[in-house]
Amino acid sequence: MFSDPTVLSISQLAESLKKRQISSEDLVNSFLERIERINPEVNAYITIDRAGAIKAAQDADNRLDAKQGGPLTGVPIGVKDLFCTKEVRTTCGSRMLHNFIPPYESTVTSRLKAAGAVMLGKTNMDEFAMGSSNETSFFGVVKNPWDLTRIPGGSSGGSAAAVSAGLGVAAIGTDTGGSIRQPAALTGITGIKPTYGRVSRFGMVAFASSLDQAGPMTKTAEDAALLLQAMAGHDPKDATSIDSPVPDYMASLNDGLKGRKIGVPEEYFATGLSTDVASVIEEAKKQFQDLGAELVPVSLPTTKQAIPTYYVLAPAEASSNLARYDGIRFGYRCENPQDIKDLFTRSRAEGFGSEVKRRIMLGTYVLSSGYYDAYYLKAQKVRRMIADDFKAAFTKVDLLLTPTTPDTAFKLGAKTDDPVQMYLSDIFTINVNLAGLPAISIPCGFSRDNLPIGLQLIGRPLDESGILSAAHAYQQATEWHTRKPVL
Amino acid sequence: MPIDPHYETVIGLEVHSQLRTKSKIFCGCPNIFGAEANTQICPVCAGFPGVLPVMNREMVNMAIKTGLAINGTINNFSVFSRKNYFYPDSPTGYQISQYDLPIVEHGELFINPEGQSKKRVGVTRIHMEVDAGKSLHEGIVGASWVDLNRVGTPLLEIVSEPDMRSSEEAGAYLKKLRAILRFLEVCDGNMEEGSFRCDANVSVRHYGAEEFGTRTELKNLNSIRNVMRAIDYEVERQIDIIENGDTVVQETRLWDANNNSSRSMRSKEDAHDYRYFPEPDLPPLTIEQSHIDDIRARLPELPDDMAKRFQDEMGLSEYDAGVLTASKEMASYFEIANQVVTVAGKKNAKATANWVTVELLGRLNKNGLEIEESPVSATNMGKLVALIQSGDISGKIAKQVFGFMFDDGGDPEQIVKEKGLKQVTDSSAINSEVDQVLAAHPEQVEQYRGGKTQILGFLVGKVMQATRGKANPAMVNSLLKDKLG
Ligand SMILES: [Zn+2]
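Protein chains in written order, with my numbering: chain S, 1 to 487; chain P, 1 to 485.
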């Protein structure tokens, strides 16, 4: 029927699955074969759950045969390795959890599984989601399918590379400071970070609790809508999840761009933007205008404060969230500890990588007595100012349009010795997390050396529908999102 | 204990009370004591990756109740914070607590230390927090074990102002606070099992000094008696230091009840930097005023209100009312006994109070028993008082009956019947005893008639002796007077 089903989107596959033109089991086998062939090069997956995937596919086929399937039934996806999956190893990209097999399932994966999605395996990531290049993983770097000498972005680099390389119809990622959108942009796929609280964090290994949010990474905005529909919604197990009904994202997907006001924040086009990205985004802006949107210049004066604010707050929370890894109840434990202090310190010294340690130290420092007011408290105040900036902008416009990243994917190892340069690659995504807003990155062109470039649309709180329909309208008119790397 | 009169003692107490919620504070595990180690836990208790705390509303309601009971301000907006520290029995590496915005502030309670008048003690704050697990060292060589059953038990930390001036006041404060928590049915107040724990901050200063002296914090105080002993010891220790020209060091000291002494646990320099910050997994707690009002309307009667009712409606003394409301069990014992007396148509709260506070408590104290362990039930106590009131037995016989009840239990009506102790009120029966006594003592009869009327007491005694105390003394008196007259 299909020469290669691994290139199709969810909506395309769902149709064939529903009509029983293809079985989920065959589909899963095609992906498993492809993963076997390509993953050793790309390193997108840490764990392949072959048996679990085939079993789930067979269940899906039974449901589809009985005409009980939904749009996700039988669809094979990758899951970032920080979602706890019952009886399937969950490493968080760390030696600390290299042997951790959770006795419970995250809300996100259990909802996706209930909707019939089939988990192929757990995707690679920066250790504890700390990184922008997927080079901090204990399980090795992930390579960009568009150029194997380059980074795929991070921290959801494995999920991005898996979707880009056709190692899953879609994947699930998490985004604390851009970890879905930045790798989506650098690998030429679509990725949405929902409003903070829209998707439950239960069962997601925490990095920075007030910023972490899960979202789909897909080939199209339509696929993102389908997955988000299944993931979103209130969860009594997460006190920070929002208790408000989830709209029908598919119903509004074709709302179009006519008459919508799209703000273009000047600060995102100031110095630091590469010429390739600048010119591609210029083209995209014209496209949005052609589709009927009105572009409005706006200002977000606190944009520059986002990185320093984030690198106080996120490490502060992380330093506390990661205290539980002590070698006692689960995870890595050092050999022959002399006493309890030795057990704590050596298990942590050996179990965590250097970026994680850097952030634990940073976070511990900013919370220490005598420094708390100058760092943590001040950062909290700036965070509120950043949110207020967005609020003010959204009184004038419906959406904001920005580049997702200042540049295309850089070479492996190019920034590993310079953490500040590394941190700056998230400059356009981080403030969205600080403000808790929804945002999507979609492919909008390529650089002269054929590397993907992403465009970010930011919405009002809980307006996932608005950014999805805008992205969909753009994708209906362009073909950037359909391009695939040659592997 | 006599304390150097030149010094004034200043005491503030921090109490941790475990709340009797059905489930733990942040997960669905049962909140019970004494189960086999690590059987009452889940991934939340064990601090596994990715799991999240969910607030137990029952705990919040208990905190509000307690705050209202001590006249505190209930904050409509309060915040949970993380207190970070590494310890094997703290699985997450932090304790969820409340820091700068606790649920209750500005409370007070009134204490009645023995032999002193009522005194107000301020309660600075009450905040909610979670208990840690327990490290087990006993009987294990080369390792420690950790029992996480207690992780997640809800705690209220109740912090007093430094308003107490003696160990007696500290004891009275703890007794009053414990009584309130028990009246509210939020905490069982068991210090030995650790459901009601106390740390004491103690300092001394010269009388008249404005500044507080350097304080030390005393820990490991597992009974009210130990709190008082540890404070007395500490006051003496600090005065000795000052008298020797040295200065008191701010530190935490561990009380050793066996050796009646304390030792330094850690100095101020070693104190943890807890790196408090707002708990990002729990939104701030907002409480509607209507919810607070609702809880206020359903508060049970509290010790102070009850004591006031005992005085106003029953005419009890302030002292008796205080004793009878010292605990929920005591108050309920008295109220049941008094009810039995009243139903018997012989209402006399004062007599009932007297029997409970003097006879019963005296015997209980002597035997080291608590009111809830009393061999004499409240109903039987009431029946006994009713028997006295109705004139069925004299007070003297009643003490005898009470003795039987205390030793062997039983219904006083039954005992009086079986042992034939019922007071003789039949005038013809007493008449013959009187005649016999008069006949047997002609000399005394002569003396009485000759004007020495005080001899009557001797004759009454003789009649009572002859009836083995059962004759109604008033009747004996009037019959004798008639016949001698
Ligand atoms: Zn539990």
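For the record, the hints were derived by calculation from the structure and aren't laboratory data.
A hint or two may mislead.
The calculated lysine to aspartate or glutamate pairs, modelled on DMTMM-like cross-linking and capped at a C-alpha distance of 20 Å, are [claimed, not checked]:
no.: 1; chain 1: S; residue 1: Lys-55; chain 2: S; residue 2: Asp-26
no.: 2; chain 1: S; residue 1: Lys-378; chain 2: P; residue 2: Asp-270
no.: 3; chain 1: S; residue 1: Lys-341; chain 2: P; residue 2: Glu-58
no.: 4; chain 1: S; residue 1: Lys-411; chain 2: S; residue 2: Asp-449
no.: 5; chain 1: P; residue 1: Lys-175; chain 2: P; residue 2: Glu-301
no.: 6; chain 1: P; residue 1: Lys-483; chain 2: P; residue 2: Asp-435
no.: 7; chain 1: S; residue 1: Lys-237; chain 2: P; residue 2: Glu-58
no.: 8; chain 1: S; residue 1: Lys-381; chain 2: P; residue 2: Asp-100
no.: 9; chain 1: S; residue 1: Lys-341; chain 2: P; residue 2: Asp-89
no.: 10; chain 1: P; residue 1: Lys-83; chain 2: S; residue 2: Asp-373
no.: 11; chain 1: P; residue 1: Lys-470; chain 2: P; residue 2: Asp-392
no.: 12; chain 1: S; residue 1: Lys-304; chain 2: S; residue 2: Asp-449
no.: 13; chain 1: P; residue 1: Lys-134; chain 2: S; residue 2: Asp-373
no.: 14; chain 1: S; residue 1: Lys-341; chain 2: P; residue 2: Glu-14
no.: 15; chain 1: P; residue 1: Lys-118; chain 2: P; residue 2: Asp-89
no.: 16; chain 1: P; residue 1: Lys-119; chain 2: P; residue 2: Asp-256
no.: 17; chain 1: P; residue 1: Lys-308; chain 2: P; residue 2: Glu-288
no.: 18; chain 1: S; residue 1: Lys-18; chain 2: S; residue 2: Glu-41
no.: 19; chain 1: S; residue 1: Lys-341; chain 2: P; residue 2: Glu-301
no.: 20; chain 1: P; residue 1: Lys-366; chain 2: P; residue 2: Glu-329
Okay, the hints, checked on the actual structure:
A hinted pair counts as satisfied when its Cα atoms are at most 20 Å apart, and Lys-55(S) with Asp-26(S) qualifies at roughly 12 Å. Pair hint Lys-378(S) plus Asp-270(P) does not hold up; C-alpha atoms about 28 Å apart against a cutoff of 20 Å. Between Lys-341(S) and Glu-58(P) the alpha-carbon distance is near 37 Å, which puts this suggested pair outside the 20 Å criterion. A hinted pair counts as satisfied when its Cα atoms are at most 20 Å apart, and Lys-411(S) with Asp-449(S) qualifies at roughly 13 Å.
In summary, the hint linking Lys-175(P) to Glu-301(P) is supported, as the alpha carbons are separated by about 17 Å, within the 20 Å threshold. Between Lys-483(P) and Asp-435(P) the alpha-carbon distance is near 9 Å, which keeps this suggested pair within the 20 Å criterion. Among the hinted pairs, Lys-237(S) with Glu-58(P) is consistent with the structure: their alpha-carbon atoms are about 17 Å apart, no more than 20 Å. Taking the CA atoms of Lys-381(S) and Asp-100(P), the gap is near 17 Å; set against the 20 Å cutoff, the hint holds.
For the given pair, Lys-341(S) sits about 13 Å from Asp-89(P) by alpha-carbon distance, which is consistent with the 20 Å threshold. About 16 Å separates the Cα atoms of Lys-83(P) and Asp-373(S), which keeps this hinted pair within 20 Å; it holds. Taken as a hint, the Lys-470(P) and Asp-392(P) pair is honoured in the structure, with Cα atoms around 9 Å apart against an allowance of 20 Å. Among the hinted pairs, Lys-304(S) with Asp-449(S) is inconsistent with the structure: their alpha-carbon atoms are about 29 Å apart, more than 20 Å.
The straight-line distance between the Cα atoms of Lys-134(P) and Asp-373(S) is roughly 34 Å, outside the 20 Å bound, and the hint therefore fails. A hinted pair counts as satisfied when its Cα atoms are at most 20 Å apart, and Lys-341(S) with Glu-14(P) does not qualify at roughly 29 Å. Of the pairs offered as hints, the one joining Lys-118(P) and Asp-89(P) is violated, with about 41 Å between alpha carbons and a cut-off of 20 Å exceeded. Restraint check for Lys-119(P) and Asp-256(P): the C-alpha separation of about 30 Å exceeds 20 Å, so the hint is violated.
Taken as a hint, the Lys-308(P) and Glu-288(P) pair is broken in the structure, with Cα atoms around 31 Å apart against an allowance of 20 Å. Taken as a hint, the Lys-18(S) and Glu-41(S) pair is broken in the structure, with Cα atoms around 33 Å apart against an allowance of 20 Å. Annotation: proposed proximity of Lys-341(S) to Glu-301(P) is violated, straight-line Cα distance about 50 Å (limit 20 Å). Note on Lys-366(P) and Glu-329(P): the hinted pairing holds, with a Cα-Cα distance of about 19 Å set against a maximum of 20 Å.
Checked against the numbered hints listed earlier, the structure breaks hints 2, 3, 12, 13, 14, 15, 16, 17, 18, 19; every other hint is satisfied.
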